[in-house]
Amino acid sequence: MTTTTAPLYYRTPGVLHTTLLAGSVPLFLGGLLSDIAYYQSFQIQWSNFASWLIAGGLLFSGLALLFALAGLLRGARKLYFVLLLAAWLLGLVNAFEHAKDAWAVMPSGLVLSVIVSLLACAATWLGLRTEVTP
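Going letter by letter, the sequence shown gives residues 1 to 134 in UniProt numbering.
Just so you know, these hints were derived from the structure itself, not from any lab. Please note: incorrect hints may appear among the correct ones.
Label-pair ranges, simulated between beta-carbon atoms [unchecked claim]: (1) G62 to E131: 21 to 27 Å; (2) R11 to D101: 43 to 49 Å; (3) Q45 to R11: 41 to 47 Å; (4) L118 to F42: 21 to 27 Å; (5) Q40 to A99: 33 to 39 Å; (6) M106 to L66: 28 to 34 Å; (7) F96 to G14: 30 to 36 Å; (8) A99 to T19: 17 to 23 Å; (9) L73 to Q40: 40 to 46 Å; (10) P26 to R77: 20 to 26 Å; (11) R77 to T5: 19 to 25 Å; (12) T130 to V93: 28 to 34 Å; (13) N48 to L72: 31 to 37 Å; (14) P26 to T3: 43 to 49 Å.
In this text, a Cβ means the ideal position worked out from N, Cα and C, and glycines have one as well.
Whenever a hint applies, use it, and build me the whole structure from the sequences.
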């Protein structure tokens with residue numbers, strides 16, 4: 001008796017998708033570190049740094065979200081897309097929070113930065129895994 005096995009296909013994200021996805025993590029983490037520095041020193045420039053880093057993270061993760069949406073239409077992982085979408089939406093709320101006066105950013109800006117950074121790290125971990133499909 002002969003058995004036939006289906007070949008395994010490895011689906012990995014493309015180079016641009018990988019670069020955008022991996023680039024969003026240090027930007028969101030930089031925003032978090034800037035918020036921590038502002039929380040400890042109350043130097044207003046740290047809040048400005050955090051605002052720009054969060055904006056950069058939104059740009060990178062937004063473009064990666066477009067790639068994830070295209071992958072979702074091809075049958076890729078749904079959890080990855082949902083985590084990246086949640087990170088982007090909360091990052092947008094965080095950017096709006098940082099658009100306030102610098103003294104009004106704390107503590108909600110710091111809490112949002114922690115949540116967005118954790119979501120971005122989890123989405124990147126899931127997005128950069130190799131998916132095996134039969």
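Here's how the hints hold up against the structure:
1. G62 to E131: 21 to 27 Å: 22 Å, holds
2. R11 to D101: 43 to 49 Å: Holds, since R11 and D101 (Cβ atoms, about 46 Å apart) stay within the stated range.
3. Q45 to R11: 41 to 47 Å: Given a distance of about 43 Å, which is inside 41 to 47 Å, the answer is holds.
4. L118 to F42: 21 to 27 Å: 25 Å, holds
5. Q40 to A99: 33 to 39 Å: Violated, since Q40 and A99 (Cβ atoms, about 22 Å apart) do not stay within the stated range.
6. M106 to L66: 28 to 34 Å: 33 Å, holds
7. F96 to G14: 30 to 36 Å: 31 Å, holds
8. A99 to T19: 17 to 23 Å: 28 Å, violated
9. L73 to Q40: 40 to 46 Å: About 45 Å separates the Cβ atoms of L73 and Q40, which means 40 to 46 Å holds.
10. P26 to R77: 20 to 26 Å: For R77 against P26, whose Cβ atoms are near 23 Å apart, the range 20 to 26 Å holds.
11. R77 to T5: 19 to 25 Å: With Cβ atoms ~24 Å apart, the hint holds.
12. T130 to V93: 28 to 34 Å: 32 Å, holds
13. N48 to L72: 31 to 37 Å: The hint (31 to 37 Å, Cβ to Cβ) holds, given that N48 and L72 are roughly 35 Å apart.
14. P26 to T3: 43 to 49 Å: Hint holds: Cβ distance 48 Å, inside 43 to 49 Å.
Hint compliance for this structure: hints 5, 8 are broken, all remaining hints hold.
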